[in-house]
Amino acid sequence: MTRRPVSLQKPPNETVTATFCPLTLAHVEQIDTFWRAILRAAQEPDISWDWAYKLRLAVNDRRYEAYAIEWEELVQGVMLLETQWHRSWMSARSPLVYVEYLASAPWNRRPIEDPPYLAGVGRTLLLLARQRSVELGYGGRVGLHSLPRTEAFYHLKNMADYGPDPDKDGLVYFEYPALQR
Amino acid sequence: MNDEILAQQLEKTGNLLDLLNDDAWVRETEAIEAECGGQVEAGLGLRSYVEQLATVTPAAFRQQRRQVQLLSILLPELKAWLQSWKLGLSFEAVYIEAQRRLFEHLQQPTPEQATWLEALLAEDTEKISPEQKTVRSQAIAMLAKMFTEDDWQALAQTAAEETAKGILQVRQQEGVQAVVAS
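Read top to bottom, the protein sequences are chains X and E.
If you count by this note's numbering, then the first sequence holds residues -5 to 175, one letter each, in order.
If you count by this note's numbering, then the second sequence holds residues 8 to 189, one letter each, in order.
Just chain E, with the same shape it has in the complex:
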């Protein structure tokens, strides 16, 4: 990191992050990163995790790459769908549980799901507008079918527990305020 350039950037805009829009700076940093192997990581607590990653096979990484591509398409669809449920305070907890359930299904899809997921990935590589993505437009219907009775029960249970927790927190806060006021 060239501190002179950083200092100039601070003088200019007050925000170092603006350098990320500077092509020359980005290219230079990319070159440095590539020259030394491309790893930028820190922290003793991460050491064993990084060492373990080194033992993972290329096939396992290819499989994960595929799942990441699927998640990058399906998570925004899942989130928008859940937002339409108007879950209020329980939204985050339900979204977390739904993500976990979706990920489990992606590990072991049924033959019908596997075919659809392949079509979804193939469509994603095409240079077409979002309106033309007919496979992606089926995402919510497919997610609804993918979730089992057990999944739906778990989501409902999570929503109920989080709502109850939220209400009890309000009671606790109101109680504290009443004590302070007296």
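Same shape as in the complex, but just chain X:
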């Protein structure tokens, strides 16, 4: 997938054009430096940062597709998709796009910054995951494990709830079906 422009909201009432693009090592480096700094500032003793390490590996792994949303040279959000091994939890076991990670930059998270620096980064990444699923011939099927405080969003977005998954520390699995065209 090449670079694509995406419209995002910059509070209070500006619309900006960011870029959705394949993740590069420069992006991962920014995540490691700029995103992580907030935890270092808080002097968190055991920063769990395996996910950024996995992003670094995924850049060169054909099973994965990693993407960033970039604006003003800064990574505003990141998404890691697994596109070959995961199957639907519905009866047909059709292939789908599985969202390994979906994260907004700390300054774009509404619970922390209200209003966020840029709004809508997470939901835009989710839409991109569905578009990618369509492009791969999976019909728009997308699966993910929600973080606890995000479940309400996926419910309101009509994603099917398959309940807690013991293989993922009890995180709830959600899935979008294929789009009916």
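Take these hints with a grain of salt, some might be off.
[As the list claims (entries may be wrong)] Straight-line Cα separation of at most 20 Å, DMTMM-like style, residue types lysine to aspartate or glutamate; simulated pairs: (1) E/Lys152 with E/Glu84; (2) X/Lys4 with E/Asp158; (3) E/Lys19 with E/Glu84; (4) X/Lys151 with X/Glu169; (5) X/Lys48 with E/Glu58; (6) X/Lys4 with X/Glu67; (7) X/Lys162 with X/Glu145; (8) E/Lys93 with X/Glu67; (9) E/Lys93 with E/Glu111; (10) X/Lys151 with E/Asp10; (11) E/Lys86 with X/Glu67; (12) E/Lys93 with E/Asp158; (13) X/Lys4 with E/Glu58; (14) X/Lys4 with E/Asp29; (15) X/Lys151 with E/Glu35; (16) X/Lys48 with X/Asp161; (17) X/Lys151 with E/Glu104; (18) X/Lys4 with E/Glu37; (19) X/Lys151 with E/Glu11; (20) E/Lys140 with E/Glu130; (21) E/Lys19 with X/Glu129; (22) E/Lys86 with X/Glu23; (23) E/Lys86 with E/Asp158; (24) X/Lys4 with X/Asp108.
These are calculated hints, taken from the structure and not from any lab test.
Could you slot chain E onto chain X? The hints should help.
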């Protein structure tokens, strides 16, 4: 996500991303996001990171917000400056190193740098054209002064190592092609 609307969008343009330009769809999605706390995140690997973020103080977030505003002004200037160096294959590595060095200086600016950075932020909030941004026009000169001798050495070292790596990769690729051809 209303699948009916998404399916209609696919029929219409073949690209779901076009919905981001549909005001009604954006407003509806914004409302849903706000209603449930505004978080859209996924993945077991992120759980502990998100939990740790919850422990960060509002003061630390305000400080980070300020640095993000500075970076959003200075990174495009830094990139354009480095592009003018014509670094070729070593550009990305040098840019990464330069970003890291810049970020370190933003954490602990000298009094002169701190004054300039404040002026830069103040100017950014003014509704003026890019040509009128006199503080921003000093960015490259200020970055050049901000980088220490150690920084310049590190950038030069990175460029040299990346160029060498690139040349050796060419040798390796040519070697493979020669074996395949024979």
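Hints and how they fare:
1. Between the alpha carbons of E/Lys152 and E/Glu84 the distance comes to roughly 14 Å, so the proposed pair stays at or under 20 Å and holds.
2. Straight-line distance between C-alpha atoms of X/Lys4 and E/Asp158 comes to about 34 Å, which puts the hinted pair past the 20 Å bound.
3. Annotation: proposed proximity of E/Lys19 to E/Glu84 is violated, straight-line Cα distance about 40 Å (limit 20 Å).
4. Restraint check: the Cα-Cα separation between X/Lys151 and X/Glu169 comes to about 11 Å, which is no more than 20 Å; the hinted pair holds.
5. Distance restraint check for X/Lys48 and E/Glu58: the Cα-Cα separation of roughly 19 Å lies within the 20 Å cut-off, and the hinted pair is therefore satisfied.
6. Between X/Lys4 and X/Glu67 the alpha-carbon distance is near 16 Å, which keeps this suggested pair within the 20 Å criterion.
7. Restraint check for X/Lys162 and X/Glu145: the C-alpha separation of about 15 Å stays at or below 20 Å, so the hint holds.
8. Among the hinted pairs, E/Lys93 with X/Glu67 is consistent with the structure: their alpha-carbon atoms are about 19 Å apart, no more than 20 Å.
9. Of the pairs offered as hints, the one joining E/Lys93 and E/Glu111 is violated, with about 25 Å between alpha carbons and a cut-off of 20 Å exceeded.
10. For the given pair, X/Lys151 sits about 9 Å from E/Asp10 by alpha-carbon distance, which is consistent with the 20 Å threshold.
11. Note on E/Lys86 and X/Glu67: the hinted pairing holds, with a Cα-Cα distance of about 8 Å set against a maximum of 20 Å.
12. Taking the CA atoms of E/Lys93 and E/Asp158, the gap is about 19 Å. The hint holds against a cut of 20 Å.
13. A hinted pair counts as satisfied when its Cα atoms are at most 20 Å apart, and X/Lys4 with E/Glu58 does not qualify at roughly 26 Å.
14. Straight-line distance between C-alpha atoms of X/Lys4 and E/Asp29 comes to about 16 Å, which keeps the hinted pair within the 20 Å bound.
15. For the suggested pair X/Lys151 and E/Glu35, the alpha carbons sit about 11 Å apart, so the restraint of at most 20 Å is met.
16. For the hint pairing X/Lys48 with X/Asp161, the CA-to-CA distance comes to about 19 Å; that is within 20 Å, so the pair holds.
17. This hinted pair does not check out: X/Lys151 and E/Glu104 have alpha carbons roughly 41 Å apart, beyond 20 Å.
18. Among the hinted pairs, X/Lys4 with E/Glu37 is consistent with the structure: their alpha-carbon atoms are about 12 Å apart, no more than 20 Å.
19. Only pairs whose Cα atoms come within 20 Å are accepted, and X/Lys151 paired with E/Glu11 is accepted, the gap being roughly 12 Å.
20. A distance of roughly 7 Å separates the Cα atoms of E/Lys140 and E/Glu130; the hinted pair therefore holds under the 20 Å criterion.
21. At roughly 15 Å between alpha-carbon atoms, E/Lys19 and X/Glu129 fall within 20 Å of each other, so this suggested pair holds.
22. Proposed proximity of E/Lys86 and X/Glu23 is supported: the alpha carbons are some 15 Å apart, at most 20 Å.
23. The suggested pairing of E/Lys86 with E/Asp158 holds, with an alpha-carbon distance near 16 Å, which does not exceed 20 Å.
24. For the suggested pair X/Lys4 and X/Asp108, the alpha carbons sit about 12 Å apart, so the restraint of at most 20 Å is met.
The earlier numbered hints that this structure contradicts are 2, 3, 9, 13, 17.
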